[in-house]
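These protein sequence lines are chains A and B, in that order. Numbered according to this note's numbering, the first sequence spans residues -9 to 340. Numbered according to this note's numbering, the second sequence spans residues -9 to 340.
Simulated from the structure, these hints should not be mistaken for lab results. Incorrect hints may have been included.
In this list, chains with the same sequence are indistinguishable; a pair is considered to hold if it fits within one copy or across any two.
Claimed, not checked - Taking lysine to any residue and the SDA-like style, the derived pairs with C-alpha atoms no more than 20 Å apart in a straight line are:
(1) Lys254 x Asp290
(2) Lys22 x Asp147
(3) Lys180 x Thr310
(4) Lys242 x Glu146
These numbers were taken from a predicted model, which means no experiment stands behind them.
2 protein chains.
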Amino acid sequence: MFENSRESRTDLSEYGEFGLIDHLTGNFGITKEHTLKGIGDDAAVLDFKDEKVVVTTDLLVEGVHFDLSYMPLKHLGYKAVMVNLSDVFAMNAIPRQITVSIAVSNRFPVEALEEFYAGIELAAKLYKIDVVGGDTSSSTSGMMISVTALGAVKEEDVVYRSGAKPNDLLVVTGDLGAAYMGLQILEREKQVFNVNPNSQPDLDPYAYLIERQLKPEARQDIPPLFKALDLKPTSMIDISDGLSSETLHLCKNSKTGVNLYEEKIPLDPSVISVCEEFQLDSTTIALSGGEDYELLFTVDQGDFEKIKANPNFTVIGHMTEEAEGMHLVTRANQKIPLIARGWNAMKKED
Amino acid sequence: MFENSRESRTDLSEYGEFGLIDHLTGNFGITKEHTLKGIGDDAAVLDFKDEKVVVTTDLLVEGVHFDLSYMPLKHLGYKAVMVNLSDVFAMNAIPRQITVSIAVSNRFPVEALEEFYAGIELAAKLYKIDVVGGDTSSSTSGMMISVTALGAVKEEDVVYRSGAKPNDLLVVTGDLGAAYMGLQILEREKQVFNVNPNSQPDLDPYAYLIERQLKPEARQDIPPLFKALDLKPTSMIDISDGLSSETLHLCKNSKTGVNLYEEKIPLDPSVISVCEEFQLDSTTIALSGGEDYELLFTVDQGDFEKIKANPNFTVIGHMTEEAEGMHLVTRANQKIPLIARGWNAMKKED
C-alpha cells in the first residue's frame, strides 16, 4: 500500500494560518476545463457546462470513524475522499472537485498533515478531480475531517434511490464484508500490541481485508460501464452502512418490497475463512458490516442480458410490491424480515 | 434578536442516525428552479443553467471560533451560514445552496440541535438558499460545524482578488471593528458573571456591537447594487480576518501596493466610545479586529461617480505600484507599513 511516517517534526505554529494552507495545498493544480479558479480566492469558480451539479458531504471524526493507532494519515486522507466520491458515483455522476477541511489539535506536527494531504493528492490524481478549497483550524482535541465532493451528470442520466419498481433485479458490485473484517483484524492486533509491543504479527493472510478497510476504492469504473452497456439503473445507492440498511433505503424511497437471497450475496473467500476464525456469521457481516463502498442498484428485468455475464455484477434479489415487505430469503429457503443493523448499531450492541 | 432556550431535554440517542437527520432537516424545502433534489439521496442534484458555480467552505470549532457560554445556538447556526455566504458575495455571486455538517458530543440534547438548525433555517429563508445536504456525527468532545456554500455567477461578472490596478480606488462597505468590540463586551460580561452570577448587566448601550458579533449579516445587497450601478469592481474580498489582512491579500494577489488612509476608515460611534472605555486604539481594532463580513473592493477611478454618493460605500484609499509598498497613512500624515494582524494573531499576542 503506502509507505508511511517521517522522522522530522515541525510544529504547526511555525506556519501562520495562511502559510499552512499554502504549504499543504500549494502543489494542487487544477484542470482548466472544469475548474476556472481553484484554491486562493474567497471561493472556487467551476464550470459544469450543460451538466447538472451533484454535491455531497461527509464528516470523519477521530474516535468515532477512525482510530489513528492503526490508520496511517495518508490512508485516512485517501479514504476521506473515497467516502465522498462513492456518493457521487451512486448518483451515476462523475466527480469533478472536492473541498477538504480539517481541524486538528497541535499534537499533530506539520509532517502529519503533509501525510494526510499526500493521501488526498493521490486520490485526486487517480480519480481525476481538483481540490478547489477547504479550511484548516486548530481543535481542542482530536482530528475532524469534512470533505465535500462535486460531480457532473446529464439530467437524463441521474439515478436516484427512488426509481425501483416491483420485479426489478437487485444487483451489487464487487464483494461485501471485507472492510468490516479488516477492521476486526486491526482491532485484534491493537489489543495484542497493547499487551506485547514487540509482537510481530503476520498480516499477509489478511492483506485483502485490511486493504479494503484502510484503502477502499470508490467504483469509478461503474458509471462509464453503464454507459458502455447502454444501461440505466432504476435506482442506486452506495454501500457505506451495510447491505441491509442500503437495501431498505432503496425500498423506502422507491415504495417497494424486496426479496434478497442469502446464497447470492458475494463474499470473498478470505471473508468466509476469517469469519470462521472470529466465529462470526458471514451473512450478518455482509448485511451489516458496511464501509464496502460498492454500488447497490436495481435494473429492469429486460436489462438482465446486459449484466448477466459481467464479473462486476451479482444479482442478489428482486424488488416486490411494497405490501409484500422486505425479506431475506435464507439458504434454508426461509423468509425472514430484513432489518437495518448498520455498523454503528453493531458497535453499540456487540 | 432571537428568542432562545427551551425547557425540555431529549437525548440524542433517542433518534437513530437517520432519524436525527430527518428530524432536524425534515422541514427544509427546496426551490425547484435551482435544486432538482435536496436532502435524502446520496447527493443533491443542482441546476446552475448557464451560470458558473462558486463553492466555498468554512469550519467553526468550539473553543476556537465560538464560546457557547455567550453564543446562543440559534445565532451560531445563523452565523455559520453568514460566514460562508459572505465569501460567495465576495466573488460577486449569488448563493444558491448550502450543506451543513455538525459533530457534537452527547452533552447536547436534541433541543440544542433544533435551536442550531432553526438558525440555519432562518438564514436560508432570509438569504433565499436551499439546505441540500450535510452530515451529523457524534464527537468525543465539543462541537464542530462545517458549512459549504454554492453560488451562481455569470462568467463575465466574477470578481477575483487579483484584478486591482495601480490608481484603483479602495472601497469598503458598512463600518468596521464593531464585531470585535462586541466580543470584548461579551468576554467582559462572562468574567463578571463568573465572579457574580447574579449580576444583571445593562447591555443596551452595546446592542449594535453585540449584534454584529452574535448575528452578523452578509452583504447580499451588494452584488445586485453593483448590477444596478453598472459597476464591476476590479478586485474584491470579504473582511473576515480584518481590514489590514484583507487589503494585503488584494495587493498580493493583484501585485500592487496600497495607500490606506486612517482618517477614512468608517467607524460606528459606539465603536469609538467603547474603544475609549477599553483603552483600545479604534484604528487598530478596525484594521485587525475582523469578523465584520463587509466587502472590500477596488474600482477604476473612472467609476468614482457611480459610488461617491452611496451611503453603503466609503473610499478608504487607493492602490499603487507594487514597488511603492503597502502603507497606512495616519491622521498625522505619516506613512507606516501596513501589517497583517488578524484576530488570531491578536489573541495570541494580546
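Against the structure, the hints come out as follows:
1. Lys254 x Asp290: Within one copy only: 18 Å inside, 69 Å across.
2. Lys22 x Asp147: between (24 Å within a copy, 18 Å between copies)
3. Lys180 x Thr310: Neither. Shortest intra-copy (44 Å) and inter-copy (61 Å) distances fail the 20 Å Cα cut-off.
4. Lys242 x Glu146: neither (23 Å within a copy, 44 Å between copies)
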